[in-house]
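Line order of the protein sequences matches chains A and B. 1 is the number of the first residue of the first sequence in the numbering used here; add one for each residue after it. 1001 is the number of the first residue of the second sequence in the numbering used here; add one for each residue after it.
There's no promise every hint is true.
As the list claims (entries may be wrong) - Capping the alpha-carbon separation at 27 angstroms, the derived lysine-lysine pairs in DSS-like fashion look like this:
#1 LYS238(A) x LYS1343(B)
#2 LYS153(A) x LYS1343(B)
#3 LYS211(A) x LYS1332(B)
#4 LYS162(A) x LYS1343(B)
#5 LYS211(A) x LYS1343(B)
#6 LYS213(A) x LYS1343(B)
#7 LYS262(A) x LYS1343(B)
Please keep in mind that the hints were generated in silico from the structure rather than gathered at the bench. As the structure is a prediction and not an experimental result, all values here were calculated from the model.
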Amino acid sequence: MLLTVVATTPELESLASSVGGDLVSVSHIVPAGQDAEAFQPRPQDLARIRAARAVIRVGVDYDLWLDRLLAQSRGVQVIDASTDVALLDVRAGGIGPGDGHAHGRGNPHYWLDPVNAEMITATILEAFIRMDPPNAKRFEANRLAFLSRLDSKLADWSHRLKNVPPLVAYHDTWSYFARRFRLRFIGIIETRPGVAPSPAHLTGLIETARKEKAGIVVREAHESQRDADFIAARSGAKVVTLASHGDDYLSLIDEDVRRLAK
Amino acid sequence: MIELLALPALACAALVAIHSYFGIHVLKRQVIFVDLALAQVAALGATAAFLLGHLPQSLAAHAYSLGFTLVAAAVLASTRTWSGRVPQEAQIGVIYVVSAAAALLLVERAPQGAEHIRQILTGNILTVGWDELRWAIPLYAVVGLVYPRIHVRQPWLAEFAFYAAFGVVVTSSVALAGVLLVFAFLIIPAAIGMLHANTFRSQLIVAWVTGTATALVGLAVSYLGDYATGATLVCTYGFALAIAAVAQALRMPQEKGAMAHVTLRFARWLGAALLAASGIGVAIWPRADQPLLDAMERAFPAIRSAYMDGKSQAIAEEAASFSERYRDEAAKLRAREEERRWKGEPLDEVEVRRIGSFLKSYNEMIRGEEFVMREVRSRAREQNRWWISGILVLLALSLVVSLPSKRTTPRNFGGERGSIGP
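So that you can see chain B by itself, here it is in the shape it has in the complex (with noise of 0.2 angstroms):
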């Protein structure tokens, strides 16, 4: 595990380092989506240099990639002074269409050409090699020292200034992690950042902290699980905000109590919504998808045979006890039929077509079973129905009535205000 994911934690690491500086910037101008931008731009440059004949990773195509940001940058810079009635982000959506649709024109006159787009925005973090570490890392390291010394009283300059740097950094870092992790890299510690810091140094320092940690947390998690890494990071970020939000609510020293009071009364509010919404489906739908009660009955199976009697029961066992067995069949014939394409004497035509038609079969019985199981369930739900409903509304109505009647006192926020009279 450590052999596989120690490049890929030092990758999150550096970016989360040079995105999370980024992104309180970015959070503070308002253009969340100026990544996905820029980064569609240099797949742009990328594309249009792989055209004139320049290999995908050479010196010419990141040329070529850095020219294409460097004039989005100036764009972005020029609009922000005159986007008075247009928001940016609205300037922001078109690059990023425009540039994509160009890209996607010039493919089609080059041969191979999608994937060296596709290669450069969809980078996968779990596979990041040292070689593309070694240039990313000092690049992030010289642009983190120098474009925060950078002092420019000229607006414009500023701005193009910050889009440059930023381009810089967002066109590597895309190739490395792909489009949605470095999203996420670059908004949800600073977001996390700016929730819990008031100073742009405590900022930094809680986004790079939490970042670092999330990052951690998430490969680890995509290990255990054996989940896609990218996808799981991004959750676990979206997770990881969900807390520190929720952290924030609780420790506002002005209010404290209420908002735990608050969030436990929505809860509550919540978990009655949905038992009360989905006893009354089970009333008028009893075949229905019931999504909260099959969630209870996996959780509690004992749910299931309170109102199944034994004869369901035992039909439904049987139903699932010939469907995982037909699975086994399954799986050991196409078993089977692979090691034979190597080892052995080989199957003939006629043979592949018969395991096919098995497997064929099987997967019928399967669904055959299936449908067995869910029929009987439907009907001993439908049969049921009234009770199993009104148990449903019950523990809806208990958990409201068991909130809390009295209402904590709001605090008198206005009383100043109150005090003055006309």
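The shape of chain A in the complex, shown without the other chains (with noise of 0.2 angstroms):
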């Protein structure tokens, strides 16, 4: 019988297939594209959730919203990715007027380092061999062959992002992203999620942008088009758009790094 599963984002959904290929039937809640931290569950969503036997969550205060759901579900086992994760960005203070990412116990974009992949899937293999014991040995070779995927592109993806100038982002979403592949990101454009950048911290944005020679300004299909457009005329940068959210895990980061290297 296969196990069902809900992960709340697709790139979790394809890591817990990866793991579990045609032995658990796994569908995410948050479309591909839309904002996963602003994210209105629908009625669908808590009938899926409490059919599931387990329901993976990205954790760090990212998907919030999954707690309503979860309270009204019963019996259901809960698999938090970042478990295992070394998490960026933690603040002394946690949820404060600091600058950068307001999630108290780090930045909650982990699953954009590839390698921080090894450790999501340890996790939710460990999950899935507690659910369904006898299938241990499948699953285990279901993520070696994984690994194994991942590592041929990880070489691949260094060397394509070896020469990309220095960066700005519209949100802090691509610490681990950047800490993988060396780049540099020299500032960011909403340093408080939600609240507009004032002129003050534009014009220092502008000013190091020029100084640092950044070539690249990074946003998300649902981040302000205007604001980075502003940024980049102004810096001589380019604006690319990246996804930190994609159906398939392996061609979500391959996406973003042709995009950032082309």
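Hints given; two lone chains; assemble the complex.
And the structure:
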């Protein structure tokens, strides 16, 4: 009998499918391209969670809307994919007035470091084996096959991103991606999520971008095109739209690398 | 600063010019929130266009927005005549919520759709571009010149012309400046104009001058204070309206001096009430938050040293210095980790975890020091609560007692009426 699992985001579904293969039926809640932090669940999402054996979540205060659904769904196992990941941007002071991501425990976009997929799939593997012990070996084999595909891609991605100029990001989404591929992000447009940048901040950012010769302003589809264009036009950079969510994990990173390296 | 704020200032001037005109009409018709409803209907139109395969900034998307807005204008024009039982504001509210909800339902059907509604409704005046203004300013000029010359006798057509012209303006301006700021541009300069002038022309001139001046002050405050521009402008407009209201009260010729007296009395009573409440609060709950006392201590640190002994002060100062030191250490650690993402040898996972754990420890230690500071202060307040409370209550009493006992003799406005006897 298939294990029924629901993931909050599409890339977590992709990673869970890589481990579960044909032994697990996985679906996701937040459609790719939507702001997963501001997602509003629908009635069918609750029905799917209630019918599932397990829910895989991003954690780190990223998918807080899930808590309300879980409160109404008893007996569903929760797999927090962030459990074994080394978190970046842990803020002394947690949620507070400081710059950067407003999440207390750390930056939640950890899946954008492909090496972290190793830890995420390890957490998922452990949970799957607990739920379905007889198929442990098949889960392990699936995971190793995925990691082997990931390894073969990793060197190529690093090579293609070798000469990317300094970048400006709209939001503090790319810390893990930057660390893995040695990218230099020199500033963030919207330092406090949901609060428009001030003129003084934009002036400082434009000066830094000019001085450091920033070549790219990175935004996601749901972030303001106009604000990104504003910085790009004044600093001589170009705007590149990346995605932090995608239906297939390897294709997601592949596409982001392709757009940056273009 | 000039380079960054020149276009926003020009945009503000253009928005004030057209919105003051419509604002006076809106205030007279008492349809205050009609701009929100029309903007939301325009967003619904753009979302429908997007769902049908048109790009967000395409001609078709604008045509859909305009079409939806004109339908809403027709509905508003029709309901004004039969809405004797239900205020038109209620109908405006219904149009707003239904179009907002309908747009959300449509967005769910469109991949990556939500951002289009958001971008339509949350313009940012700071990043407004010339490519937008070169269309918006001529549009405002045409509407501003043509609409006042339209004289229609048929009431429904007159209403429709108003809402249609206003809808066209609001659809464009909300995309430039966002809903909150457009509401401020629409209502506040017009309200100031109506407070200080009697004829439509003079009201418009007062609205234009004060509205533009307030926008320039708001932009400067936003830059110098490093605040978000839209929110700063809205607050500056609110402040300007408060000043205009006080100025209007003070300049009323028939009650010269009376309003100033009333304002002063009100301020004193308010101050006395706050001081007395704070004094009673310190006496009953010395460990609870005391916002007034805290504010006074921030402004005059000598107040704290008056009720805290030397030992307590030394403990609090040491805790503050440790807290500052931990913050510095945490900032250095974060900077080091961020730099190593792209420079020098990359940090391995163990080092990243160690830094994360140090940052968490610093976080706890900072909280600990803050607890010490609060606890020392609370204990000092608890030990000295009676005389702190007594001083605050005495200050409150002094404010009340110092009020002039002589009441201003009310003018005999009813003299003529008094002469009419049974």
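Status of each hint after checking the structure:
A distance of roughly 23 angstroms separates the Cα atoms of LYS238(A) and LYS1343(B); the hinted pair therefore holds under the 27 angstroms criterion. The hinted pair formed by LYS153(A) and LYS1343(B) meets the criterion: a straight-line CA distance of about 23 angstroms does not exceed 27 angstroms. Proposed proximity of LYS211(A) and LYS1332(B) is supported: the alpha carbons are some 23 angstroms apart, at most 27 angstroms. Restraint check: the Cα-Cα separation between LYS162(A) and LYS1343(B) comes to about 13 angstroms, which is no more than 27 angstroms; the hinted pair holds.
Distance restraint check for LYS211(A) and LYS1343(B): the Cα-Cα separation of roughly 18 angstroms lies within the 27 angstroms cut-off, and the hinted pair is therefore satisfied. Distance restraint check for LYS213(A) and LYS1343(B): the Cα-Cα separation of roughly 17 angstroms lies within the 27 angstroms cut-off, and the hinted pair is therefore satisfied. Among the hinted pairs, LYS262(A) with LYS1343(B) is consistent with the structure: their alpha-carbon atoms are about 23 angstroms apart, no more than 27 angstroms.
Hint compliance for this structure: no hint is broken.
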